[in-house]
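**Student:** Chain residues, written in single-letter form:
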Amino acid sequence: QQPVQSPQAVILREGEDAVINCSSSKALYSVHWYRQKHGEAPIFLMILLKGGEQKGHDKISASFNEKKQQSSLYLTASQLSYSGTYFCGITLGGSSNTGKLIFGQGTTLQVKP
Amino acid sequence: GAVVSQHPSRVICKSGTSVKIECRSLDFQATTMFWYRQFPKKSLMLMATSNEGSKATYEQGVEKDKFLINHASLTLSTLTVTSAHPEDSSFYICSAGAGLATYEQYFGPGTRLTVT
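Protein sequences appear in the order of chains D and F.
Going by this note's numbering, the first residue of the first sequence is number 1, and it counts up by one from there.
Going by this note's numbering, the first residue of the second sequence is number 1, and it counts up by one from there.
Heads up, some of the hints might be wrong.
Claimed, not checked - SDA-like, lysine to any residue: derived pairs with alpha carbons at most 25 Å apart: (1) K37/D with P109/F; (2) K26/D with T49/F; (3) K100/D with K42/F; (4) K37/D with Q38/F; (5) K14/F with K55/F; (6) K37/D with I12/F; (7) K64/F with Q2/D; (8) K20/F with S43/F; (9) K50/D with Q79/D; (10) K41/F with L80/D; (11) K41/F with G84/D; (12) K59/D with E104/F; (13) K67/D with A18/D; (14) K100/D with D65/F; (15) K41/F with K50/D; (16) K41/F with N21/D; (17) K55/F with S83/F; (18) K41/F with Q79/D; (19) K100/D with K55/F; (20) K26/D with G61/F; (21) K55/D with K14/F; (22) K41/F with F67/F; (23) K100/D with I12/F; (24) K42/F with T108/D; (25) K41/F with Q6/F.
Stated by the list, open to error - To list a few chain F residues with every Cβ distance to chain D over 12 Å, as calculated: (26) P8; (27) K20; (28) L46; (29) T49; (30) G53; (31) F67; (32) T75; (33) T111.
Calculated from the structure, these hints are not laboratory results.
Everything numeric in this text was worked out from a predicted model, so none of it was measured.
Don't be surprised by glycine CBs; every beta carbon is placed ideally from N, CA and C.
Between the sequences and the hints, there should be enough to build the whole structure, so can you do that?
**Tutor:** In structure tokens form, the structure reads like this:
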């Protein structure tokens, strides 16, 4: 049931863009994105509820493709502060919907000057 | 808004002793709180779901008698690691549910447990 994130790691220069994908083998109810810095707790970025929904703030946005059972996180014009590990967390749809988040394995993003 | 605190942030204890970790939602009421465990460079593993006023629901493979969870109020949940062993050393993180329909979760800062 764990969603699969890709890529596992990415290294960028400041100002470059990145896309992180999160795919599920089961129907999704919602997708949650978090960023975690080393030794700290995950910080909530955004939640997507509807198929086809797109959200964003600042230069970080995300989309939710319900049919493909996947979500993508877009980081544009990356900044040094974007470095960290990004996790997607999913809640499943239908009778499997218990509200608990199932996290992907994480994508490590490193932004270099 | 949606601030969650955890105490202590770090704890070192000896094998065989018990450790209690507190999780509080500071500016909202959380009917549901979640306890996670995270190993270095790994994902968050859900241990249990805690509902105020009822027994916690544990994930498969998590020992109920070892990881005691109490959710006494809408703002406080506690995790007690009983008879701790070195293999229990880990980063424990709680989260509090903030949205009834959206299942938003906000995480506490985590507790680093080291058992010697």
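**Student:** Next, verify each hint and record whether it holds.
**Tutor:** Against the structure, the hints come out as follows:
Taking the CA atoms of K37/D and P109/F, the gap is about 11 Å. The hint holds against a cut of 25 Å. For the proposed pair K26/D and T49/F, the alpha carbon gap of about 21 Å is at most 25 Å, so the pair holds. Of the pairs offered as hints, the one joining K100/D and K42/F holds, with about 18 Å between alpha carbons and a cut-off of 25 Å not exceeded. Distance check on the hinted pair: K37/D and Q38/F sit about 13 Å apart at the alpha-carbon level, within 25 Å; holds.
Straight-line distance between C-alpha atoms of K14/F and K55/F comes to about 28 Å, which puts the hinted pair past the 25 Å bound. Between the alpha carbons of K37/D and I12/F the distance comes to roughly 22 Å, so the proposed pair stays at or under 25 Å and holds. Distance hint between K64/F and Q2/D is fulfilled; the C-alpha atoms sit about 23 Å from each other, no more than 25 Å. Our distance criterion of 25 Å between C-alpha atoms is met by K20/F and S43/F, whose separation comes to about 23 Å.
Proximity of K50/D to Q79/D is assessed by CA-CA distance (about 29 Å); at most 25 Å being required, the pair is judged violated. Between K41/F and L80/D the alpha-carbon distance is near 20 Å, which keeps this suggested pair within the 25 Å criterion. With a C-alpha separation of about 11 Å, the suggested pairing of K41/F with G84/D holds against the 25 Å cut-off. Distance check on the hinted pair: K59/D and E104/F sit about 22 Å apart at the alpha-carbon level, within 25 Å; holds.
Using a Cα cut-off of 25 Å, the hinted pair K67/D and A18/D holds, with the two alpha carbons roughly 23 Å apart. With a CA separation close to 22 Å, the supplied pair K100/D and D65/F stays within the 25 Å bound. A distance of roughly 31 Å separates the Cα atoms of K41/F and K50/D; the hinted pair therefore is violated under the 25 Å criterion. Our distance criterion of 25 Å between C-alpha atoms is met by K41/F and N21/D, whose separation comes to about 19 Å.
About 21 Å separates the Cα atoms of K55/F and S83/F, which keeps this hinted pair within 25 Å; it holds. For the suggested pair K41/F and Q79/D, the alpha carbons sit about 22 Å apart, so the restraint of at most 25 Å is met. Using a Cα cut-off of 25 Å, the hinted pair K100/D and K55/F holds, with the two alpha carbons roughly 16 Å apart. Distance hint between K26/D and G61/F is fulfilled; the C-alpha atoms sit about 22 Å from each other, no more than 25 Å.
A C-alpha spacing of about 47 Å is found between K55/D and K14/F, which places the hinted pair above 25 Å, so the restraint is violated. Under the criterion of a C-alpha separation no larger than 25 Å, the hint pairing K41/F with F67/F is consistent with the structure, at around 23 Å. Taking the CA atoms of K100/D and I12/F, the gap is near 30 Å; set against the 25 Å cutoff, the hint is violated. Taken as a hint, the K42/F and T108/D pair is honoured in the structure, with Cα atoms around 11 Å apart against an allowance of 25 Å.
Of the supplied pair hints, the one linking K41/F and Q6/F holds, its CA atoms being roughly 21 Å apart against a limit of 25 Å. At roughly 14 Å from the closest C-beta of chain D, the C-beta of P8/F stays outside 12 Å, upholding its exclusion from the interface. The claim that K20/F is not at the interface with chain D holds, since no C-beta of that chain comes within 12 Å of its own (minimum 19 Å). Separation of L46/F from chain D is inadequate, the least Cβ-Cβ distance of about 6 Å not exceeding the 12 Å criterion.
The claim that T49/F is not at the interface with chain D is violated, since a C-beta of that chain comes within 12 Å of its own (minimum 6 Å). The claim that G53/F is not at the interface with chain D holds, since no C-beta of that chain comes within 12 Å of its own (minimum 17 Å). The Cβ of F67/F lies farther than 12 Å from every Cβ of chain D, with a closest approach of about 16 Å, so its non-interface assignment holds. Taking the minimum C-beta to C-beta distance to chain D, about 18 Å, the non-interface status of T75/F holds against the 12 Å cut.
At roughly 10 Å from the closest C-beta of chain D, the C-beta of T111/F falls inside 12 Å, breaking its exclusion from the interface.
The structure fails hints 5, 9, 15, 21, 23, 28, 29 and 33 (numbered hints given earlier, in ascending order).
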